[in-house]
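My request is simple: use the sequences and hints to build the entire structure.
Those protein sequences? They're chains A and B, same order as listed. With this note's numbering, letter number 33 in the first sequence gets 133, and the count goes up by one each step, no holes. With this note's numbering, letter number 56 in the second sequence gets 59, and the count goes up by one each step, no holes.
Please note: incorrect hints may appear among the correct ones.
Here are the simulated DSS-like pairs of lysine-lysine, each with C-alpha atoms no more than 30 Å apart in a straight line [unchecked claim]:
(1) B:K44 to A:K103
(2) B:K21 to A:K173
(3) A:K170 to A:K116
(4) B:K22 to B:K44
(5) B:K44 to B:K25
(6) B:K22 to A:K170
(7) B:K39 to A:K103
(8) A:K103 to B:K43
(9) B:K25 to A:K173
(10) B:K44 to B:K21
(11) B:K25 to B:K43
(12) A:K103 to A:K173
(13) A:K173 to B:K39
(14) A:K173 to A:K116
(15) B:K22 to B:K43
(16) B:K25 to A:K170
(17) B:K22 to B:K39
(18) B:K39 to B:K25
(19) A:K103 to A:K170
(20) B:K39 to B:K21
(21) A:K116 to B:K22
(22) B:K21 to B:K43
If you want the footprint, here are the derived chain A segments under chain B, 3+ residues with CB under 8 Å [said to hold, decoys possible]:
(23) 112 to 124
(24) 204 to 216
Chain B regions said to be covered by chain A (calculated; three or more residues, Cβ under 8 Å) [said to hold, decoys possible]:
(25) 28 to 34
(26) 41 to 53
(27) 105 to 118
Worth flagging that the hints you see were computed from the coordinates, not collected in a lab. C-beta: ideal position from N, C-alpha, C; glycine also.
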Amino acid sequence: AQKITQTQPGMFVQEKEAVTLDCTYDTSDQSYGLFWYKQPSSGEMIFLIYQGSYDEQNATEGRYSLNFQKARKSANLVISASQLGDSAMYFCAMREGDNYGQNFVFGPGTRLSVLP
Amino acid sequence: ETGVTQTPRHLVMGMTNKKSLKCEQHLGHNAMYWYKQSAKKPLELMFVYSLEERVENNSVPSRFSPECPNSSHLFLHLHTLQPEDSALYLCASSQARTGLGNEQFFGPGTRLTVL
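Written out as structure tokens, the structure is:
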């Protein structure tokens with residue numbers, strides 16, 4: 101079974117508008133971490149934001165915020181005021197808490213295109 | 004050099020060749036990873052080295068052989084590859100066993116083409 105699901109293969113957004121990228125996850129652990137990465141066409145994976153399963157507040161980092169709904173097991177990324185440079189692949193990832201698990205599980209990604 | 008570096012950035016090899024990919028991290032981390040990224044497929048974790056221990060994904064073919072001589076360097080030795088092994092190979096590092104919130108830092112990747 102998929103541990104990370106990203107149901108939107110591709111998304112379009114107008115420049116300066118906000119966009120939400122969906123991510124749902126599957127885990128039986130109580131302790132886990134959720135991450136979002138951006139991958140531009142150059143190939144490098146860039147860390148954007150982190151949410152811990154015990155964090156009570158939704159994470160925010162500049163124009164990025166994470167809409168964390170624990171009961172629904174969703175961790176959607178919200179990008180406000182989109183810029184042309186935001187066009188890229190976006191990956192949701194999870195690290196589970198067993199044995200201080202080092203392994204990350206990545207979702208299939210969403211390709212975001214920002215239109216001028 | 005800062006962050007995570009990978010060499011070469013591009014590699015074209017024949018099926019009978021032997022080559023190696025190199026990764027180096029300058030972040031003081033103690034866990035390193037190899038990922039394979041093929042078109043239209045999620046990132047696939049291949050190998051993990053964490054605190055000198057190797058965690059191996061059993062589904063990785065033996066034509067891929069990792070080597071981690073120390074916590075800063077990671078190699079992926081390649082031999083008798085197949086065309087379907089053509090992909091972007093990403094190296095990453097993180098700080099192990101210090102909590103869930105330590106993200107992985109990625110290198111720029113090696114684009115491998117097997118002819």
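Comparing the hints with the structure gives:
no. : hint             : result
1   : B:K44 to A:K103  : 14 Å, holds
2   : B:K21 to A:K173  : 44 Å, violated
3   : A:K170 to A:K116 : 29 Å, holds
4   : B:K22 to B:K44   : 24 Å, holds
5   : B:K44 to B:K25   : 23 Å, holds
6   : B:K22 to A:K170  : 45 Å, violated
7   : B:K39 to A:K103  : 18 Å, holds
8   : A:K103 to B:K43  : 17 Å, holds
9   : B:K25 to A:K173  : 37 Å, violated
10  : B:K44 to B:K21   : 25 Å, holds
11  : B:K25 to B:K43   : 25 Å, holds
12  : A:K103 to A:K173 : 11 Å, holds
13  : A:K173 to B:K39  : 27 Å, holds
14  : A:K173 to A:K116 : 29 Å, holds
15  : B:K22 to B:K43   : 25 Å, holds
16  : B:K25 to A:K170  : 39 Å, violated
17  : B:K22 to B:K39   : 16 Å, holds
18  : B:K39 to B:K25   : 14 Å, holds
19  : A:K103 to A:K170 : 15 Å, holds
20  : B:K39 to B:K21   : 18 Å, holds
21  : A:K116 to B:K22  : 46 Å, violated
22  : B:K21 to B:K43   : 27 Å, holds
23  : 112 to 124       : violated (count 0)
24  : 204 to 216       : holds (count 6)
25  : 28 to 34         : violated (count 1)
26  : 41 to 53         : holds (count 6)
27  : 105 to 118       : holds (count 8)
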